[in-house]
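Novice: Sequences listed follow chains A and B, in order. Position 234 of the first sequence, counted from 1, bears residue number 234 in UniProt numbering, the numbering being contiguous throughout. Position 10 of the second sequence, counted from 1, bears residue number 10 in UniProt numbering, the numbering being contiguous throughout.
For the record, the hints were derived by calculation from the structure and aren't laboratory data. Nothing here was measured: the structure is a model prediction, and the numbers come from that model. C-beta: ideal position from N, C-alpha, C; glycine also. Don't take each hint at face value.
[To be verified] Output of the computed footprint for chain B on chain A, the stretches with three or more beta carbons under 8 Å from beta carbons of chain B:
(1) 66-72
(2) 98-112
(3) 116-129
[What the hints assert, rightly or not] If the Cβ cut is set under 7 Å, some of the chain A residues that face chain B in the computed set are:
(4) R76
(5) N77
(6) E86
(7) R151
(8) R160
(9) I167
(10) R170
(11) A173
(12) A196
(13) S198
(14) S200
(15) Y257
(16) A335
(17) G339
(18) R340
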Amino acid sequence: MRRSVLFPPGWRLLLPLLAFTAAVFIMPIGVILWKSIHDPEVAALLPATTASLESWSDETMLPPSASFDALASDMRNLVEVARIGELALRLNREQPGFRQLVERSAAKIHDEGTPLVETDRRWSDPASWRLIKRASEPYTPRYLLNAVDMRVTPDGTIGRQDEQRQIYLRLFARTILVAAIVTGLCALIGYPFAYALSVSEGMLRSALYFVVMLPFWTSLLVRTTAWIVILQRQGVVNELLVSAGLIADNERFALIYNFFGTVIAMVYVLLPFFILPLQAVMRGIPGQYVRAAESLGGNPARVFRRIYLPMTMPGIVAGGALVFILSLGYYVTPALVGGRTGQLISNQIAFHIQSSLNWGLAAALGTLLLMLVILISMVFSRVVPIGRPQR
Amino acid sequence: MHVSRLLRAMSVCILVAGTHAAYAADSLTVVSYGGQYTASQRVAHYEPFARKTGIEIKSVDYNGGLAELVAQVRSGSVSWDVVDVEMQDLERGCSDGLFERVDLDKLPSGTDGKPAKEDFLDGALHPCGVGSVVWSNVIAVNDPAFAGRTGPQTIDDFFDVAAFPGKRGLPKRPNALLEWALMADGVEPASVYEVLSTPEGLDRAFRKLDTIKDESVFWETGAQMIQLLVDGEVAMSTAYNGRIQGAISDDGKPLRIVWDRQIWNADYYAVVRGSREKAAAEDFVRFATGTEALAAQARVIAYGPIRRSAEALIDPKIAATLPTASVNFQNALAFNAAWWTDHGDVVNERYAAWLAQ
Numbered sequence: 001m002r003r004s005v006l007f008p009p010g011w012r013l014l015l016p017l018l019a020f021t022a023a024v025f026i027m028p029i030g031v032i033l034w035k036s037i038h039d040p041e042v043a044a045l046l047p048a049t050t051a052s053l054e055s056w057s058d059e060t061m062l063p064p065s066a067s068f069d070a071l072a073s074d075m076r077n078l079v080e081v082a083r084i085g086e087l088a089l090r091l092n093r094e095q096p097g098f099r100q101l102v103e104r105s106a107a108k109i110h111d112e113g114t115p116l117v118e119t120d121r122r123w124s125d126p127a128s129w130r131l132i133k134r135a136s137e138p139y140t141p142r143y144l145l146n147a148v149d150m151r152v153t154p155d156g157t158i159g160r161q162d163e164q165r166q167i168y169l170r171l172f173a174r175t176i177l178v179a180a181i182v183t184g185l186c187a188l189i190g191y192p193f194a195y196a197l198s199v200s201e202g203m204l205r206s207a208l209y210f211v212v213m214l215p216f217w218t219s220l221l222v223r224t225t226a227w228i229v230i231l232q233r234q235g236v237v238n239e240l241l242v243s244a245g246l247i248a249d250n251e252r253f254a255l256i257y258n259f260f261g262t263v264i265a266m267v268y269v270l271l272p273f274f275i276l277p278l279q280a281v282m283r284g285i286p287g288q289y290v291r292a293a294e295s296l297g298g299n300p301a302r303v304f305r306r307i308y309l310p311m312t313m314p315g316i317v318a319g320g321a322l323v324f325i326l327s328l329g330y331y332v333t334p335a336l337v338g339g340r341t342g343q344l345i346s347n348q349i350a351f352h353i354q355s356s357l358n359w360g361l362a363a364a365l366g367t368l369l370l371m372l373v374i375l376i377s378m379v380f381s382r383v384v385p386i387g388r389p390q391r
Numbered sequence: 001m002h003v004s005r006l007l008r009a010m011s012v013c014i015l016v017a018g019t020h021a022a023y024a025a026d027s028l029t030v031v032s033y034g035g036q037y038t039a040s041q042r043v044a045h046y047e048p049f050a051r052k053t054g055i056e057i058k059s060v061d062y063n064g065g066l067a068e069l070v071a072q073v074r075s076g077s078v079s080w081d082v083v084d085v086e087m088q089d090l091e092r093g094c095s096d097g098l099f100e101r102v103d104l105d106k107l108p109s110g111t112d113g114k115p116a117k118e119d120f121l122d123g124a125l126h127p128c129g130v131g132s133v134v135w136s137n138v139i140a141v142n143d144p145a146f147a148g149r150t151g152p153q154t155i156d157d158f159f160d161v162a163a164f165p166g167k168r169g170l171p172k173r174p175n176a177l178l179e180w181a182l183m184a185d186g187v188e189p190a191s192v193y194e195v196l197s198t199p200e201g202l203d204r205a206f207r208k209l210d211t212i213k214d215e216s217v218f219w220e221t222g223a224q225m226i227q228l229l230v231d232g233e234v235a236m237s238t239a240y241n242g243r244i245q246g247a248i249s250d251d252g253k254p255l256r257i258v259w260d261r262q263i264w265n266a267d268y269y270a271v272v273r274g275s276r277e278k279a280a281a282e283d284f285v286r287f288a289t290g291t292e293a294l295a296a297q298a299r300v301i302a303y304g305p306i307r308r309s310a311e312a313l314i315d316p317k318i319a320a321t322l323p324t325a326s327v328n329f330q331n332a333l334a335f336n337a338a339w340w341t342d343h344g345d346v347v348n349e350r351y352a353a354w355l356a357q
């Protein structure tokens with residue numbers, strides 16, 4: 001009797017794992033993707049206004065008086081339930097100054113019964129109403145646009161962000177650059193080390209393993225701080241150079257709190273992630289292939305290039321992909337030693353989650369980063385033939 | 001790593017639901033910034049309050065910011081009762097409905113008999129919180145870097161790279177820094193925020209910052225700032241006065257505070273909306289912002305008590321090191337949290353772009 005391949009015997013045992021994966025990985029990522037385009041806050045706070053503005057067609061003119069009444073009544077209700085501040089903060093994000101406009105107008109409407117249009121002359125400007133209408137749309141491209149330095153202009157078209165506020169594309173580019181450099185350096189340093197690890201035996205092997213694993217057993221903060229001690233202006237490296245007379249006391253190198261320092265510290269932290277998968281692959285390669293190639297007259301360089309390197313490729317790809325992807329999301333090290341030029345996109349994401357509370361933008365930046373990882377993995381798997389026999 | 005942070009922030013909503021009512025009715029959870037600062041609160045506020053009322057204070061540390069409060073209040077699962085917040089977070093969180101309203105009429109009078117409303121510094125009473133300490137953004141100078149010469153004495157000197165060479169420590173956030181840039185460029189303290197509100201004024205502040213950009217090292221946290229100074233990585237830095245004073249008086253570091261045009265800020269005690277122990281939390285806030293509790297705190301950390309009546313209870317030697325001492329306070333500028341709440345999104349993005357260039 002044949003069983004379905006889709007449901008191998010005992011598949012139900014996998015259910016807890018699937019449930020765990022769904023709850024811990026898939027759902028939060030779904031929430032992030034969703035939050036980057038879905039923003040129902042203003043529509044929920046201004047239900048009457050949102051409904052009323054739907055019939056407002058000529059946006060160069062003021063909306064009908066019913067919309068004024070609707071906004072006034074929405075604002076009055078929000079003051080009653082003490083939620084007017086939420087609306088004020090939310091609209092202020094669209095345009096600075098709206099927090100005070102909303103809070104003052106709402107107070108006048110609620111406390112003194114002033115008609116909306118008399119509370120501030122900005123309510124007689126169609127632009128203010130266009131802003132409310134845009135903000136009340138529950139599905140919005142605004143955060144994703146903001147994350148690529150674009151914006152929706154008040155008249156509804158899409159344009160570049162003010163030049164002085166363009167930041168995220170630059171940071172994405174820098175993040176990819178840092179990830180590429182770190183991966184490259186890890187490969188250069190890690191390959192010989194992994195080879196040594198794979199051919200060594202006994203005490204030497206234990207010692208080498210110990211060296212690789214050591215960073216895993218110490219706190220990331222401690223390791224990063226150690227690099228500060230080594231690389232700073234008054235640090236070990238500069239002190240040695242000065243006392244050796246190679247540089248003058250006033251021309252010490254800036255080795256940390258910049259791009260360079262970030263790369264160095266990241267290579268150090270991520271190196272084990274390259275070495276460990278690679279050495280596992282190297283240990284699985286029987287020595288007779290190399291010996292056979294040598295006995296057939298290949299010189300060492302050629303043997304390495306034609307035989308050994310292709311056979312270790314799966315390890316290089318695994319380690320490289322691991323290091324590259326971890327680098328893209330790196331946060332703590334750049335925050336500590338990145339200074340001005342070593343800031344990466346994750347630092348902005350953290351800022352928007354923790355400080356500015358612009359979670360929509362943080363989600364959009366996170367979404368783009370995720371897309372980037374998927375895209376790069378796809379390109380990578382096309383270019384590098386993993387798992388296919390080498391001929 | 002950012003993903004885990006995102007997850008954490010978002011899963012708080014889910015997880016907090018499970019930690020209901022973990023606290024007995026006879027304790028309060030008070031959240032503050034940790035380190036020396038919380039230590040001063042423990043001695044001056046938490047322990048005396050526990051002795052007086054029998055209510056234990058459970059102390060929790062955080063790094064400031066409103067993210068976790070938003071998660072708690074929005075999910076309706078509030079496990080914090082009282083939070084120590086900065087002016088800007090108070091202003092913003094108040095708008096966002098994260099705090100209970102304060103009944104200002106119930107605050108006790110000062111020990112000199114003045115009613116609370118006259119006793120507190122202007123701006124220290126907020127609809128959502130009661131001020132406790134005045135701290136200040138100042139310039140800290142690492143004097144050994146100017147061996148044999150006079151180091152910088154004013155904000156103008158800080159921006160004068162030619163006369164005072166050496167690296168400057170600057171924060172990765174623009175708060176208080178833009179104000180100083182304008183003042184060093186000749187703007188009167190009184191009109192700083194008015195000028196900053198105009199596009200030209202903002203450009204002017206950034207142009208002034210350009211003049212010291214290449215000579216600057218940027219720090220993320222107060223701890224990093226101190227470390228840069230004491231390791232001699234920078235000759236001077238923007239700083240928080242309490243940490244610098246701590247390094248001077250406790251650790252004997254050769255640092256010096258420049259009080260010229262300090263930008264003072266305050267910390268507030270605020271009751272979290274939806275706190276299960278609202279009445280006890282309000283009692284605590286009233287107790288901890290009383291004259292004696294504030295004076296007791298100023299004896300152990302160099303932040304100024306926000307009640308005028310407290311200065312009489314402090315040793316004059318200590319009082320002279322506080323931002324509120326009259327000689328230090330002469331041309332102080334009050335940090336305008338409302339301005340930053342209104343303009344923060346735009347200005348922060350622009351500052352980040354300036355940093356990345």
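Novice: Are the hints correct? Go through all of them and say.
Specialist: To see whether the hints hold, each was checked on the structure:
Look at the segment 66-72 of chain A against chain B: 0 of its residues bring a Cβ nearer than 8 Å to a Cβ of that chain, fewer than three, so the hint is violated. For the segment 98-112 of chain A, the stated coverage by chain B holds: 3 residues have a C-beta nearer than 8 Å to a C-beta of that chain, and at least 3 were required. Figure legend: the segment 116-129 of chain A, annotated as covered by chain B; annotation inconsistent (0 residues with Cβ-Cβ distances under 8 Å, at least 3 required). With its C-beta approaching chain B no nearer than about 17 Å, R76/A sits outside the 7 Å limit, and its interface hint is violated.
At a threshold of 7 Å, the smallest CB-CB gap from N77/A to chain B is about 14 Å, leaving the interface hint violated. Checking E86/A against chain B: minimum C-beta separation of about 6 Å stays under 7 Å; hint holds. A least Cβ separation of about 11 Å between R151/A and chain B goes past the 7 Å threshold, and the interface hint is therefore violated. About 13 Å separates the beta-carbon of R160/A from the nearest beta-carbon of chain B, more than 7 Å, and the hint is not met.
Among the interface hints, the one on I167/A holds; its C-beta lies about 4 Å from the nearest C-beta in chain B, closer than the 7 Å criterion. Below 7 Å, beta-carbon pairs count as interface contacts, and R170/A has one with chain B at about 5 Å; its hint therefore holds. With a cut of 7 Å, the hint placing A173/A at the interface with chain B is violated, because the nearest CB-to-CB distance is about 10 Å. About 30 Å separates the beta-carbon of A196/A from the nearest beta-carbon of chain B, more than 7 Å, and the hint is not met.
Below 7 Å, beta-carbon pairs count as interface contacts, and S198/A has none with chain B, the closest being about 29 Å; its hint is therefore violated. Hint on S200/A is violated. Least Cβ distance to chain B is approximately 32 Å, over the 7 Å limit. Evaluation of the Y257/A hint against chain B yields a held restraint, the C-beta minimum of about 5 Å falling below 7 Å. About 5 Å separates the beta-carbon of A335/A from the nearest beta-carbon of chain B, less than 7 Å, and the hint is met.
Annotation: interface hint on G339/A holds; nearest CB of chain B at approximately 5 Å, less than 7 Å. Look at R340/A: its Cβ gets to within about 5 Å of chain B, closer than 7 Å, so that hint holds up.
Going down the numbered hints, you'll see the structure goes against 1, 3, 4, 5, 7, 8, 11, 12, 13, 14, while the others check out.
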